[in-house]
Amino acid sequence: MGSSMSKGEIVAGCIAPHPPHLVYAENPPQNEPKSEGGWEQLRWGYERLRESLADVEYDAIVLLSPHWQTYVGTHFLGLPHFKNLSVDPVFPNLFRYNYDLEIDVDLSRQIHDRASEAGLAVKMMENPDFRVDYGTITTGHMFNPVWDKPLVVISSNRSRHYYSVEVMQEMMIELGRVTREAILASGKKVVVIASNSLSHRHFTTESAIPEDMSKEHITSHAMHLWDMRMIDYFRSGQAQRILDEMPEFTEQAIAESDGGGLSWLLSTLDVPSYPAILHGYGTIIGTGNAIVEWPARNYKEASE
Amino acid sequence: MSDGELIGSYIVPVHPHTVLVPEQNEGWGRLRDAFEDAAQRIKDSEADLLIIYSTTWPSIIGHQIISDPNPEWVMVDNDFHDLGSIPYSFNIDENFAHAWNEANQKRGLKSRTIAYHGFPIDVGSVVALKLLNPDNAIPAVIVSSNVYSNRAETTVLAKACMDVVKSTGRKAIAIAAMSLSNRMFTKPIEPKDDRIHSLKDDEWNHKILEFLSEGRLEDVGQLSRTIHQQIRVNKVVTFKPMWWLSGMNQNRNDLTGEVLAYEALHGAGGAVVHLDPAPSGTGDKEYDEDDVEYFSGERNVLDAEQSATEELVSNDSDTGDKIEQNGPALWEPTESEDSVNSAAAPKPVGAYPHARRVGDLLYLSGVGPRQPGTNAIPGGPIHDESGTTLDYDIKAQTQAVIDNITRILEEAGGSIDDVLDVTTFLVDMDRDFQGYNEVWAETLGQVGPTRTTLAIRALPTPIAVEMKVIAKAR
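Listed in order, the protein sequences are those of chains C and W.
Anchor point for the first sequence: position 164 equals 163 in numbering that gives the first Met the number 0, and the numbering is continuous, going up by one each time.
Anchor point for the second sequence: position 281 equals 280 in numbering that gives the first Met the number 0, and the numbering is continuous, going up by one each time.
Keep in mind the hints are simulated off the structure, nothing from the lab.
Yeah, the Cβ is synthetic: ideal placement off N, Cα and C, and Gly gets one too.
Do not take every clue at face value.
[Unchecked claim] Quick partial rundown of chain W residues pointing at chain C, CB under 10 Å, derived from the structure:
#1 57
#2 80
#3 109
#4 117
#5 121
#6 188
Could you build the full structure based on these sequences and the hints that come with them?
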């Protein structure tokens, strides 16, 4: 673990989407359903992301999950250990995963406290019976299948639904700012992850074999165009433009950025102007998913 | 036909305060008292089934129905986890769940049952069953709220449910687990400070409850979209449970309504409402929305290209006239004194009824696999518009034929078990006999009618199989 005497560092920021289909396709022993594979483009993308970080030392993963949806502020997992069975309420046929994960409670509380001081509504989740959402588990598994790093898990405050994309983004930018401050003050090296898809219009039917890739495609051309536009911005270091266009993207692509993860991530990375690495793109039941890495460790001067 | 019926409906709030901490706020306590009042009423009614439509269980792939006979776990709310945990162990009617699922599919809905160990029963369903059925004496069934469903789909969901209630002779209670206004305070509050989030929300809630207290359920259903715009935070699921509940009550406006409690739950509007089917004597039925029997909406998004026959579909006509289209024309079924016609069966391609009753027998017109509403052909058409041969699945077509026969027989008050004699027409005996025969063996083969199978050159639409049926009349 990093020393609190040294300055903390964000070594990378990632978009790491969470459709449970990816874990289902991987057939890990923790997941009960078994598959014949599928969604390889994205799974290979996750492989490339893991390889990119294989030699990078870090102490913790800070993850914002769109599927822990909270309406009364932003919540943080606040106990050191969670072990349970996660069954996806939407795709229970694909995802029934026995998880066992560690939480960096100190770092969670540091972010929580700074957010509270900044005027954001926050709460620590300290109920031992709480079941961690499948989005966190999916991204956690795909990013780090050996689960050897503690997590900080942040809920998705659905302020976009209560107010607007603009208000959501204002709050998430503030949350990102204090997340960054807390990480730098912690002395720890951290990977920050937004666990969201891009365009998010689902198919409303499922093929007889869920992993039948002959049935997989983006739901519409418009969704594809929006996804490619965002990916261009990722790859060309135009994070500010992403934030500027977030309202249109979120509305028109029914994007999962509505959960605030992408805005929070870019703010936590201090709105990077350096290019991100696209490790993979693919669709899952029609939704657009990109696996993206901002290698902040290589741009310390630019980012700190 | 047995005499199953809906003997009552309830609207109940979803948040866990009423289970975990009713003593912390007088309003929460009054809601808890109202739950207990409703539980006693349900017990006194001798209901034998509770049907829950929960807005806190969103689904994407159609509707999902819990069929695990005994789901057990511990529920912790995403927001209100600090209030405590709710262990649950429920008594689910798995047979009803499976029957409802099948009824959904017969009416064109995407639907599936869920029976996985550890499946997370949603907070709305947990609160409802904990408080309305505390000793698990009455078996229950729970259905999800589909994110993408419109009124037509939600109405058909209710009709399919009532098909099973009636056919199984149940005395059922329908329960919508939902908030009225659903805007909560976005920050933690002290329990004593709880109130409806805004005066505007409170006024709308009172208007909704005024309608419901007068038994005007369908009026609330028709206002659902407006209510959603006015007082609903745009969460995943909108104000659609009123569509389902109204569908369960034949879209009536003259129920006997009673509001047992209305209070704030962290700013949201929570109400316990009882709707008795006894006519109140007030309120005219003004049902001016499409009364849909069979769902034929946009459910085919996995296939990028429309099938040849789907392109032939034209809209329904209320005139009974021939529907103009590019291809075999669709007709309204011919009506006569002895005819039997079903909205759940595909439209004829000529002037004839689906079936005709003569004495103790029912004679069906030739039945193909076309789907009612969409005209789509399960398993695919045998050729496209230009006549180019296409690959198709004879098993899927055969099953669809038998499903259509079942719908017509059920319209006549019977079932597939009444089939006496079948003449089957195949356009390619060499290719298709084996697959057709396999499906037959699993379905009509179990019933045991006499059968003749003929090879013919063509059928009027691009299908591979058609059956001519004689059945017992009921």
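Quiz prompt | chain C contact restraint for residue 121 of chain W - C-beta distance below 10 Å | solution = It holds, given that the least Cβ distance between residue 121 of chain W and chain C is near 7 Å, below 10 Å.
Exercise. Answer holds if the nearest beta-carbon of chain C is closer than 10 Å to that of residue 117 of chain W; otherwise answer violated.
Key: At 4 Å from the nearest chain C Cβ, residue 117 of chain W passes the 10 Å test, so the hint holds.
Exercise. Let me know if the C-beta of residue 80 of chain W comes in closer than 10 Å to any C-beta of chain C, holds or violated.
Key: 4 Å, holds
Quiz item: Would the hint on residue 57 of chain W stand, with a C-beta cut-off of 10 Å toward chain C?
Solution: 7 Å, holds
Self-check item: Hinted contact residue 188 of chain W with chain C - closest CB pair below 10 Å
Solution: 9 Å, holds
Self-check item: Hint validity - residue 109 of chain W Cβ closer than 10 Å to any chain C Cβ
Solution: At about 6 Å, which falls below the 10 Å cut-off, the nearest Cβ of chain C leaves the hint on residue 109 of chain W intact, so it holds.
Hint compliance for this structure: no hint is broken.
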